[in-house]
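2 protein chains.
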Amino acid sequence: MTSTNIKLTYFNMKSLAETMRYLLKYGNIEFIDSRIDGEEWSALKPNTPFGELPLYEENGKVVSQSVAIIRYLGKKVNLAGADEWEDLEIDALVDTIKDLQIKLIPYAHAKMADNKEKQEELKQIILSETMPYYLKKFESIVIENNGHFIKDKLTWADIYFTTNVDIYNAVLDMDVLEKYPDLLKLKNKVEEIPSIKAWIEVRPETEF
Amino acid sequence: MTSTNIKLTYFNMKSLAETMRYLLKYGNIEFIDSRIDGEEWSALKPNTPFGELPLYEENGKVVSQSVAIIRYLGKKVNLAGADEWEDLEIDALVDTIKDLQIKLIPYAHAKMADNKEKQEELKQIILSETMPYYLKKFESIVIENNGHFIKDKLTWADIYFTTNVDIYNAVLDMDVLEKYPDLLKLKNKVEEIPSIKAWIEVRPETEF
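Protein sequences, first through last, are from chains A and B. Residue numbers for the first sequence follow full-length UniProt numbering, beginning at 1 and rising by one. Residue numbers for the second sequence follow full-length UniProt numbering, beginning at 1 and rising by one.
Since the hints were made in silico from the structure, they are not lab data. Since we're looking at a predicted model, the values are computed, not measured. Where a beta carbon is used, it is the ideal one built from N, C-alpha and C, also for glycine. Please note that a few of the clues may not be correct.
[To be verified] Not the full set, but computed from the structure, chain B residues with beta-carbon under 8 Å of chain A:
id, residue
1, Phe11
2, Met13
3, Ala43
4, Asn47
5, Ser64
6, Arg71
7, Glu89
8, Asp91
9, Asp95
10, Asn146
Whenever a hint applies, use it, and build me the whole structure from the sequences.
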């Protein structure tokens, strides 16, 4: 695969694109890691499929929708399930991890608007209800599957979870896995994969 | 496949479960169409994967997350893409159709709360901006692919779109495809598939 076959276009952020970068690095697939600013995005937006980033381009064809792209890359680098039912379990977990990310958006908005009162109110619910509800369930699944989301083995659900935890942590300014040692162990395991570890060491430093 | 292998659990609604029912009918797969009320749901909820409906059960294993289940069923009844790239295109379109559905939620809430002012304000934006933005793009794709979302053939993206239009129509009390003849033609084509047509004739009548 030559370096010009695949191009990822996103802002200079980890956020919604970082799982794609991890998967491409994991599969030793070369890609153009195009990072654009707001002005470039304004110029590009009208020519995108649905006005959204990140964009994934392969052999001149372009798509958006991050989870769809991540699933495609997960299959490409052999991190999909062993059969259709495992793929269903991965897809269901990933959409649930995405749901949790979406539940943090009102808090992120309150933070950006510097609305301290709203921020405190939402953070209280997130920390006492939302995060524990999901993280406890995720941890049970990971314990049951010997350190992974799906049957004792690495899948793209593990990678997606790892990069999403970085989003949760950045939004909430804390380590959300502090009380979840088995989830933290899984995240560390993903980040210790040599090609991913090497990427983390050289990638642009960004808050989100 | 015996009738007890597969069970779908949802409220007595089309909404998030109807694509699953269409796909199961399309594949002539028998299933238990379990419709529960609020009281039954309260009792069941703590024992579900993530406290959400619909639930899909096969051979005693249970999952939630509607799009994940729909993708699984799409593959089961041979309505997936011909290759990984087509599957990516289907997944990206389906998540975009879901995004449009999610954009109607604030309006649906204003309607339920009988907040006329908020309702009018949101409906105005939906009808003048949101729906045309997506529907025009969807129609271009369907025209380009000779009446389908993906290369001249029926896929689960077409089925998902068809049932989602029923959601848009029910929420907005109108026919959103009135000015989109090619999309309407696609919806009619799906509803004329004999097994789906037969299902529409006998299914419980519900508003949503």
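Hints versus structure:
1. Interface hint at Phe11 of chain B: violated, since its Cβ lies 19 Å from the closest Cβ of chain A, which is beyond the 8 Å cut-off.
2. For Met13 of chain B, the interface hint is violated, since its Cβ never comes within 8 Å of a Cβ in chain A; the closest pair sits about 20 Å apart.
3. Restraint check, Ala43 of chain B versus chain A: the minimum CB separation of about 19 Å is more than 8 Å; hint violated.
4. Hint on Asn47 of chain B is violated. Least Cβ distance to chain A is approximately 12 Å, over the 8 Å limit.
5. Evaluation of the Ser64 of chain B hint against chain A yields a held restraint, the C-beta minimum of about 7 Å falling below 8 Å.
6. Look at Arg71 of chain B: its Cβ gets to within about 6 Å of chain A, closer than 8 Å, so that hint holds up.
7. The interface hint given for Glu89 of chain B is met, as the beta carbon of that residue sits about 7 Å from the closest beta carbon of chain A, less than 8 Å.
8. Hint status for Asp91 of chain B: holds, given a least beta-carbon distance of 4 Å to chain A, under 8 Å.
9. Because the smallest distance between the Cβ of Asp95 of chain B and any Cβ of chain A comes to about 4 Å, under 8 Å, the interface hint for this residue holds.
10. Interface hint at Asn146 of chain B: violated, since its Cβ lies 18 Å from the closest Cβ of chain A, which is beyond the 8 Å cut-off.
Comparing the model with each earlier hint shows violations of hints 1, 2, 3, 4, 10; every other hint is respected.
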